[in-house]
Amino acid sequence: MLDAGFFAAWVEEAARSVLAGKDRLTRLDTAIGDGDHGTNLDRGLTAAVQALADHRPATPGALLVLVGGTLIRRVGGASGPLYGTAFREAGKALGEEPEVSPGALAGALEAAVDGVRSLGSAAEGDKTMVDALAPAVRALAQAVREGRDVREALDAAAAAARGGAEATVPMQARKGRASYLGPRSVGHEDPGAASAALLVEALRTVAARW
Amino acid sequence: MLDAGFFAAWVEEAARSVLAGKDRLTRLDTAIGDGDHGTNLDRGLTAAVQALADHRPATPGALLVLVGGTLIRRVGGASGPLYGTAFREAGKALGEEPEVSPGALAGALEAAVDGVRSLGSAAEGDKTMVDALAPAVRALAQAVREGRDVREALDAAAAAARGGAEATVPMQARKGRASYLGPRSVGHEDPGAASAALLVEALRTVAARW
Amino acid sequence: MKKLINDPGTVVPDALRGLAAAHPRLRVDLENRIVLRASGPRPGKVGLVSGGGSGHEPLHGGFVGYGMLDAACPGEVFTSPVPDQVVQASTAVDGGAGVLHVVKNYTGDVLNFRMAAELCAEEGVEVASVLVDDDVAVRDSLHTAGRRGTGATLFVEKVAGALAETGAPLAEVTRVAREVVGRSRSFGVALSACTVPAAGGPSFDLGETEAEFGVGIHGEPGRSREAVRDARGLVSVALDAICADMPVSGDVLVLLNGMGATPLIELHIAFAEVVDQLAGRGARVARSLVGNYVTSLDMQGFSVTICRLTEELTRLWDAPVETPALRWGR
Amino acid sequence: MKKLINDPGTVVPDALRGLAAAHPRLRVDLENRIVLRASGPRPGKVGLVSGGGSGHEPLHGGFVGYGMLDAACPGEVFTSPVPDQVVQASTAVDGGAGVLHVVKNYTGDVLNFRMAAELCAEEGVEVASVLVDDDVAVRDSLHTAGRRGTGATLFVEKVAGALAETGAPLAEVTRVAREVVGRSRSFGVALSACTVPAAGGPSFDLGETEAEFGVGIHGEPGRSREAVRDARGLVSVALDAICADMPVSGDVLVLLNGMGATPLIELHIAFAEVVDQLAGRGARVARSLVGNYVTSLDMQGFSVTICRLTEELTRLWDAPVETPALRWGR
Ligand SMILES: Nc1ncnc2c1ncn2[C@@H]1O[C@H](COP(=O)(O)OP(=O)(O)O)[C@@H](O)[C@H]1O
Ligand SMILES: Nc1ncnc2c1ncn2[C@@H]1O[C@H](COP(=O)(O)OP(=O)(O)O)[C@@H](O)[C@H]1O
Ligand SMILES: [Mg+2]
Ligand SMILES: [Mg+2]
Ligand SMILES: [Mg+2]
Ligand SMILES: [Mg+2]
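One line per chain: the protein sequences are A, B, C and D, in this order.
In case it helps, UniProt numbering puts the first sequence at residues 1 to 210.
In case it helps, UniProt numbering puts the second sequence at residues 1 to 210.
In case it helps, UniProt numbering puts the third sequence at residues 1 to 330.
In case it helps, UniProt numbering puts the fourth sequence at residues 1 to 330.
Some hints could be false.
[To be verified] Covered stretches of chain C (in silico footprint by chain D; criterion: 3 or more residues with CB under 8 Å from a CB of chain D, positions within the stretch not fixed):
no., region
1, 26-32
2, 319-330
[Said to hold, decoys possible] Each pair of labels, with its calculated beta carbon distance range:
no., chain 1, residue 1, chain 2, residue 2, range
3, B, E146, D, D7, 47 to 57 Å
4, B, R151, D, D29, 24 to 34 Å
5, D, G167, C, P247, 50 to 60 Å
6, C, P247, D, S39, 33 to 43 Å
7, D, G200, C, G233, 10 to 20 Å
8, A, A123, C, P247, 33 to 43 Å
It should be emphasised that the hints constitute simulated quantities derived from the structure, not laboratory data.
A virtual CB, placed ideally from N, CA and C, is assigned to each residue, including glycine.
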């Protein structure tokens with residue numbers, strides 16, 4: 001059911017959603033960073049959509065690896081390697097299967113978060129994308145373990161991602177550019193957490209209509 | 001009657017009046033010039049007052065020559081050489097007489113304006129200090145010819161200077177920095193004409209209480 | 001936002017075209033966004049590659065040339081370059097003696113250069129890296145991203161570049177680069193924010209009497225917002241912060257750096273203060289540089305970078321350099 | 001007004017202290033406000049003296065050194081120097097071959113330099129003058145103050161300075177200086193006003209979408225206020241104005257000059273446009289300079305200066321120069 005087409009649709013939906021949220025992401029990054037996160041991610045996802053239009057890999061795994069590589073090649077900044085690694089690790093975890101089970105999806109996203117964590121060495125609570133990604137992946141895995149269907153499971157993941165992003169507001173940043181602000185980073189939502197929530201929400205949106 | 005003390009008092013009164021009007025002169029110069037006329041003249045007259053405090057020449061002529069030289073040495077810009085020349089020419093015209101008659105005063109100020117005109121080659125109507133100085137000197141000479149006393153004559157000169165300065169408002173500048181603006185110089189009072197009116201008014205003020 | 005640009009989306013490629021046209025001794029690879037010496041790599045010479053987000057000009061492209069960098073990789077505005085740029089630059093400048101990456105300590109720069117270094121190794125290019133983290137406004141800690149790299153980057157590029165030019169091996173060039181980092185500290189003050197073209201508005205709002213203390217070079221707010229002071233007072237805040245972190249005495253090299261929109265006449269005023277105040281603290285400004293070198297787009301403000309000199313560092317600083325933005329001795 | 005200064009009244013002396021500290025090869029006479037080469041006059045070499053109001057840095061003090069000026073006389077901000085400064089500078093640099101005064105065409109500069117020249121003659125120093133009036137935004141006329149001197153001043157100082165260095169006589173140096181003036185034209189655009197420290201506020205107010213076309217370098221309003229355009233459009237306005245006044249073809253020297261607060265990345269974008277658009281008009285940018293060289297305090301904007309090259313001018317432009325702000329060839 002979750003074939004390459006599904007993941008391509010996810011990437012397209014994510015690109016749409018990031019484009020729509022671009023100014024908000026940039027505003028968040030202006031407050032505690034350098035004001036480029038919206039532009040960065042938009043540039044990367046636009047390139048990823050283009051890459052998939054040029055050549056659509058047959059398997060979900062290969063597709064996500066291609067998307068990750070494209071992000072690494074086109075985004076730059078902190079979020080480029082981090083998101084790029086996330087997609088690549090997810091893709092590698094999926095191997096060469098033509099279709100993905102809910103359990104395999106949860107496992108792939110766990111691999112994605114592990115990749116982000118090991119590359120950026122941020123833990124939850126450091127006020128980064130990890131604060132949205134980690135709870136989302138936990139919620140997904142939990143829902144799958146409880147036997148819920150993929151739509152319900154992704155609803156839970158999206159809600160957890162959004163909640164995780166919002167939970168970054170009171171945090172003091174310890175990683176990324178916002179950490180330079182020390183206590184002044186408190187009171188703002190982390191832009192990477194906000195974009196991570198958009199990506200998980202896009203997954204839920206695509207699943208809902210699949 | 002008009003001895004060196006009188007002319008020293010004039011320079012002091014002029015310095016006071018230019019200090020009080022400094023911001024206005026600078027504002028006028030900001031509109032159609034480069035925003036330094038108030039500072040320039042204030043610096044020069046402050047130096048002139050200081051020079052007279054250090055060494056007060058015995059004759060009006062020598063005193064005005066000293067003031068003119070001080071302006072040339074300390075002001076810079078267009079107004080430094082022009083006002084400096086004006087004072088120097090006036091002083092030279094007075095020769096070594098210890099006291100100055102109204103007629104000699106009128107003659108000295110005519111020499112002053114001639115000096116400005118020949119150095120800057122501005123004619124009346126070019127929107128410069130000449131537009132305040134020339135009518136003032138004409139009014140002074142006329143009043144003296146009519147036998148009026150020096151106070152009345154300087155009242156007339158001061159009124160003519162002020163009128164001349166105001167008459168620069170509708171003019172299009174042909175000399176000095178304001179000329180760069182072409183038609184956009186219309187509608188503003190010329191800063192040098194405004195300061196020239198202050199100088200003549202200071203002369204009137206000092207005469208009134210002499 | 002009023003800017004002398006064609007389109008917020010094409011700022012970097014448009015500027016690179018201008019850089020190329022202005023400097024025939026550079027070879028600007030517009031497609032891959034790499035700035036190289038037109039003369040190409042010299043066999044046996046360590047290659048020096050740096051890069052980072054654009055918006056800090058003349059850093060880094062303006063420092064490519066004899067005695068300094070072999071290549072620069074400009075990213076988008078305030079966005080570190082991608083690994084491909086760094087790999088291609090490193091491959092292009094490798095003269096067989098390996099390549100040193102000069103990396104400013106920002107998560108994005110660190111990650112992209114790290115990925116690039118891994119790819120370089122796969123392609124058989126030996127790479128070492130030096131991380132520049134001189135900004136004392138950021139409290140250093142093992143648990144955070146650490147200090148930013150700012151003005152000291154110029155010192156590292158100049159000094160390491162001079163040593164590389166002598167044919168020194170990669171380990172030596174790396175050693176001296178690290179030594180410069182260890183002996184250098186910076187502090188920045190902003191009188192106004194900058195405007196990222198794609199963001200369209202100022203990165204923060206400062207009142208008519210406020211200054212941001214401890215700013216970096218990406219328009220991020222600083223360590224604190226305080227009442228603005230005169231040049232003397234602002235310089236003293238910067239020197240206090242630097243000297244609290246690193247005892248400063250003896251001969252020092254100073255960069256009095258403008259943030260991009262502060263005129264030279266003001267930088268000279270601040271520099272005179274630095275010289276006087278350092279003398280009062282027992283240090284002598286033996287070498288210096290005053291100007292807009294490590295900028296933050298159109299930000300008004302300045303930073304001070306101090307490097308405690310050694311005889312070797314002084315000699316390497318004085319060595320000939322011939323780049324668009326720095327040139328002496330030949 | 002926020003500025004990196006100590007006091008609006010001490011801007012010039014404070015900045016001169018910084019200039020002196022930053023450049024050991026200059027001798028800055030703080031009392032008389034003269035910037036000289038530390039090496040002193042060279043017997044038999046024509047001395048080059050320039051000067052003008054401060055606020056245009058690096059002009060002129062930054063151009064004192066081998067191959068360019070022998071002395072600069074900085075006045076107060078936007079106020080031409082006084083005759084004494086010029087006389088003392090001229091006497092100090094006279095190596096017996098006479099002195100050339102490079103004067104920008106402003107009433108104040110003209111009058112003060114003229115008085116100085118008269119005093120120099122009385123003291124037995126032979127003086128010639130060249131008047132720079134390159135700004136096509138001002139309509140030239142016998143009955144007005146004529147055109148302003150702006151960017152071409154740098155060309156005159158460089159080219160005449162190079163010829164003077166060869167030992168050429170005063171008449172020759174004067175001839176080539178006049179030739180540069182005759183072959184050079186400029187046009188400037190402001191995106192924001194500047195703030196004179198002593199005035200305390202901006203010299204004019206521009207809306208968020210307005211630009212001043214045809215501005216000089218003293219914060220005066222320009223020829224017209226119009227809707228701002230992209231870099232391409234602004235450059236085309238400038239080139240139209242220049243080419244309408246002086247047919248431009250063949251090899252040209254271009255100064256793409258920042259007004260003081262425009263970052264280098266934007267100047268490079270504008271310069272790329274200049275190169276392309278001049279090519280479209282049949283001219284080739286054979287030599288160029290991009291940066292903040294003839295500034296107007298903290299004004300945002302740029303100017304373009306074009307000089308139609310000859311073989312001699314190209315050779316003199318390429319000749320070695322070693323000053324704080326311009327250096328090549330040695
Ligand atoms: N070490 C890290 N680990 C995980 N995420 C990080 C780390 N550093 C930064 N980030 C994320 O990256 C986001 C910023 O991305 P972006 O603005 O595109 O890059 P940059 O900070 O280089 O400008 C931050 O909001 C944060 O969520
Ligand atoms: N050629 C001239 N003849 C007479 N007065 C002049 C001439 N040029 C300028 N001025 C006067 O000088 C005034 C400007 O003086 P100031 O601002 O001190 O000098 P600058 O124009 O050099 O900044 C003008 O307002 C004008 O009245
Ligand atoms: Mg960012
Ligand atoms: Mg003026
Ligand atoms: Mg960034
Ligand atoms: Mg002036």
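Hints, verified against the model:
Residue count for the region 26-32 of chain C with a Cβ under 8 Å from a Cβ of chain D: 0. That is fewer than the three needed, and the coverage hint is violated. Taking a C-beta to C-beta cut-off of 8 Å, the region 319-330 of chain C contributes 3 residues in contact with chain D, enough for the three needed, and the coverage statement holds. Between B/E146 and D/D7 the Cβ separation comes to about 51 Å, which falls inside the hinted range of 47 to 57 Å. Evaluation of the 24 to 34 Å hint for B/R151 and D/D29 yields a failure: the beta carbon distance comes to about 48 Å.
Checked against the hint of 50 to 60 Å, the pair D/G167 and C/P247 passes, with Cβ atoms roughly 52 Å apart. Between C/P247 and D/S39 the beta carbons are some 37 Å apart, a value that agrees with the proposed interval 33 to 43 Å. About 19 Å separates the C-beta atoms of D/G200 and C/G233, a value consistent with the hinted range of 10 to 20 Å. Checked against the given bound of 33 to 43 Å, the beta carbons of A/A123 and C/P247, roughly 35 Å apart, stay inside it.
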